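Enquirer: Listed below, chain by chain, are the residues.
Protein chains: 2
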Amino acid sequence: MTKVLSFDIGGTKIAYAMIDEGGNFLNEIIKVSTPKTAAGVVELLKTTAKGLEDKIDGVAISTAGAVDQEGTRITSYTGNLPEGYNQTDFVALSTKPVLVENDANSAGWAEFSLGAAKGCRNAVILTLGTGVGAGIIVDGHLLKGKSGAAGEMHFPIDSGNKRICNGCGQPDCFESFASGTGLNTNAHEYMGAEATSYDVIRGLRESDHQARAAFDKWQDYLTKGLIMLANIFDPEVIVLSGSMAKFVEYDKVSTAANAKILTQPFVLKEAVFENNAGMIGAALLLIDKLKHKS
Amino acid sequence: MTKVLSFDIGGTKIAYAMIDEGGNFLNEIIKVSTPKTAAGVVELLKTTAKGLEDKIDGVAISTAGAVDQEGTRITSYTGNLPEGYNQTDFVALSTKPVLVENDANSAGWAEFSLGAAKGCRNAVILTLGTGVGAGIIVDGHLLKGKSGAAGEMHFPIDSGNKRICNGCGQPDCFESFASGTGLNTNAHEYMGAEATSYDVIRGLRESDHQARAAFDKWQDYLTKGLIMLANIFDPEVIVLSGSMAKFVEYDKVSTAANAKILTQPFVLKEAVFENNAGMIGAALLLIDKLKHKS
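In order, the protein sequences belong to chains R and B.
Going left to right, the first sequence walks through residues 745 to 1038 as this note's numbering numbers them.
Going left to right, the second sequence walks through residues 745 to 1038 as this note's numbering numbers them.
Please keep in mind that the hints were generated in silico from the structure rather than gathered at the bench.
Do not rely on the hints blindly, as some may be mistaken.
When chains are identical, the list treats them as one kind, so a pair holds in a single copy or across two.
Capping the alpha-carbon separation at 30 Å, the derived lysine-lysine pairs in DSSO-like fashion look like this [what the hints assert, rightly or not]:
#1 Lys794 to Lys775
#2 Lys990 to Lys862
#3 Lys757 to Lys990
#4 Lys906 to Lys996
#5 Lys1004 to Lys961
#6 Lys1033 to Lys862
#7 Lys996 to Lys1033
#8 Lys840 to Lys747
#9 Lys862 to Lys906
Owing to the predicted nature of the structure, the values given are computational and were not obtained by experimental measurement.
From just these sequences and the hints, can you work out the full model?
Expert: Next up, the structure:
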C-alpha cells in the first residue's frame, strides 16, 4: 500500500498527515502555525519529511499559487505566504519523490478521485470561500494550462464598474459577486453597513426579506458562473466546496442554470471532502504519478 | 500519403474536396446547394464518397451541431440543417472510415495543427461570425465535454436583461455582444435604426465618432470574453477566425485583455485558414485517428 506524507500550506496554518492510496488518513492531522519566513517553511517541511522518511513513498504538497505542469515549482502568486516562498525548491525537500499542486486543483482532484465527482470524466469543482477557486477535470485530466494557472475564476459578469475584485483588481468580476466576500457586500447593500454574510444566513432562517434579497442576488451570480462553466466544459457534474457551499440551495440553483444552457444537463453537488480535500487530492495525485511510473 | 474526402456541411452550401495529411487540397473545392431533406444530404454524401472510394482512405465531415466523443454521430442542435439530419448514420456513408466533427472544433483543430496555433499545447480558436463559436485545445486535445457540446460561447457578461441572444435565448449573453450580430446591434444603438455593421466598419475608416463608439463597445465585450478564456484556460494563444476577425485591432485588444488577467500573458492572433478551416480540420482529425490506429 502506497503511503505519502501530505501537507496543506496556508497563510496562517500548515497541516499535514500521512495518507494512503484509498485517501485514508493514517494518523491524526497535525496543524502548526505557518512560519513567518520562507526559510522557516522550508525547514518545517524538510524536518517533518525527514522524520517520516522510512514510512513514506513520497511527499505531497497542496499550496496557494499556480504550479507548473511537472508539479515541481510555483509559477506565480501565492497570496499571503512569506516572501520568497515562491522560489522554494520542493523537489529538494526529501530524498523521496515530491509533488506540489495548487490547492484548488488538489481539492478538485480529491473530489474527482474519491468524492462527489467520482466516476465522471468531466467535472468542475468550485471552492466558494473568501474568494472563488476551481479545479477543473477535462476528460479525466486536471486542466493546467501553459503555466499551471488555468481555472482562475475571474471574469467580467456585469458592467458599470460595480465592485472591485480583491483577487484580480478588476470591476464586475465573478469572484466579487459569488464568493463569501460577495455575499458580505450584498449584506451591506441590502441590510446596512454593519451587516455581514452571517446576518444574511441568519436572516434567511428567519424569513427576513432583505436577507432573502441579498442571498438571491448571490445565488443569481453563482448561477451565471455555473451557466458559463456548463456551456464551456459540458461537465457531468459541478461540485461546490468551501465555506459557502453548505448554504447553497442546490435544487433551485441547478434548475435555474440547467434551464439556460445549450449543452446537456449537469448535476450540481456539494463536495464530500471538507477542509482536508487539498491534502487528500495532492496525495492522490502523487500516488497516481508513482504508480504510473512503476 | 494519406488522403481523405472532406465535407463542410452548412445550411445553404455543402463544400467538399480531397485533402492530404499536409492539409493540402488535392482538387478544387466543389460547392453545391444543401439538399432540402436529410435523405437528400445523405444521398449526396454517399454518392460523392462512392465515386472517390478507390482514391481515398476515409471520409471527414465538418458540420453544425455537437458531435459525440467517437466522431460518429450528432448529439444535439444543428441549426438550419434539414429536419432529421441529426439522425444521420455517418459511419454508413462509406465503406472507408468516417469521422464527423463540429465545425468550430474542426476549424480549431486546423489552426492548432497547421495554422495560427501550431506548436501550442493550449489554445482557443474563436469564430466570430453571425454567432460566436469556439474550438478549444487543452494540452493538445480537443475539449469535447461529456456530450461533445463543450465550447459553447454563451454566458452572461452583463446584467439588466440587455439584448436576447439568438443562440441561447438568454439576455446579457456574450454572443449577442461579441458576434457580428452584436456589432449590428451596436450600429443601431449608436448610428440609427437603419445602420448596420458595414456602416460601422466604413465609419471607422472615415474616423466617424459614432462608428468608433459602436466598434469600441464591440471590442470591449470581446475583450471581456478573452479575459475569461485566458483566466480559465491559460492558453498560449487565442486565435480569432470568422468574418469579423479581420476587423479586430489585435494589439489594442491583446494589450487590454492581458493587463487584466491573473494567468500568464497570451498571444492574440488572426486565423491562418479562412472558410476552409472546417474541411481541413476534420480531415486532419481523421488522418490523425487513422495513423493512431495503424
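Enquirer: Does each hint fit the structure? Answer for all of them.
Expert: Verification of the hints:
1. Lys794 to Lys775: Only inside one copy: Lys794 and Lys775 sit 17 Å apart there, 70 Å across copies, limit 30 Å.
2. Lys990 to Lys862: Classified as within; 20 Å inside a copy, 44 Å across copies.
3. Lys757 to Lys990: The answer is within: 23 Å in one copy meets 30 Å, while 52 Å across copies does not.
4. Lys906 to Lys996: Answer is both: 26 Å inside a copy and 24 Å across each meet the 30 Å cutoff.
5. Lys1004 to Lys961: both (17 Å within a copy, 25 Å between copies)
6. Lys1033 to Lys862: Both, since 18 Å and 29 Å are each at most 30 Å.
7. Lys996 to Lys1033: neither (39 Å within a copy, 42 Å between copies)
8. Lys840 to Lys747: Within one copy only: 11 Å inside a chain, 50 Å across chains, cut-off 30 Å.
9. Lys862 to Lys906: neither (38 Å within a copy, 39 Å between copies)
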